[in-house]
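Position one of the sequence shown corresponds to residue 1250 (the working numbering), numbered consecutively onward.
Take these hints with a grain of salt, some might be off.
[Claimed, not checked] Here are the computed lysine to aspartate or glutamate pairs in the EDC-like style, where the Cα-Cα straight-line distance is at most 16 Å:
{"hint": "1", "residue 1": "LYS1291", "residue 2": "ASP1275"}
{"hint": "2", "residue 1": "LYS1287", "residue 2": "GLU1253"}
{"hint": "3", "residue 1": "LYS1291", "residue 2": "GLU1253"}
{"hint": "4", "residue 1": "LYS1291", "residue 2": "GLU1264"}
[Said to hold, decoys possible] If you anchor each label on the Cβ, the simulated ranges turn out as follows:
{"hint": "5", "residue 1": "PHE1276", "residue 2": "SER1297", "range": "17 to 23 Å"}
{"hint": "6", "residue 1": "PHE1276", "residue 2": "ARG1298", "range": "32 to 38 Å"}
{"hint": "7", "residue 1": "GLU1253", "residue 2": "GLY1283", "range": "32 to 38 Å"}
{"hint": "8", "residue 1": "MET1250", "residue 2": "GLU1285", "range": "16 to 22 Å"}
Just so you know, these hints were derived from the structure itself, not from any lab. Note that the Cβ used here is the ideal one computed from N, Cα and C, for glycine as well.
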Amino acid sequence: MTIEHSGTAAMARLEAENWRGTRYTDFFVLVETGGEWKIASKVFFAHSRA
């Protein structure tokens, strides 16, 4: 996982594999509000199997 942070905004990237062997890359946009971090949006990409 990688995280980039600036002020009250952040972006996290997570690479994972599910039980079927499909690899995914998830991108999360986070925002800090009221002292808590919350996910504002998520986008994912499913990698093709070779």
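How the hints compare with the structure:
1. LYS1291 with ASP1275: Holds, at about 7 Å.
2. LYS1287 with GLU1253: holds (15 Å)
3. LYS1291 with GLU1253: holds (15 Å)
4. LYS1291 with GLU1264: Within the cut-off at roughly 13 Å; holds.
5. PHE1276 with SER1297: 17 to 23 Å: holds (18 Å)
6. PHE1276 with ARG1298: 32 to 38 Å: The hint (32 to 38 Å, Cβ to Cβ) is violated, given that PHE1276 and ARG1298 are roughly 21 Å apart.
7. GLU1253 with GLY1283: 32 to 38 Å: The hinted range 32 to 38 Å is violated for GLU1253 and GLY1283, with Cβ atoms some 22 Å apart.
8. MET1250 with GLU1285: 16 to 22 Å: The hinted range 16 to 22 Å holds for MET1250 and GLU1285, with Cβ atoms some 19 Å apart.
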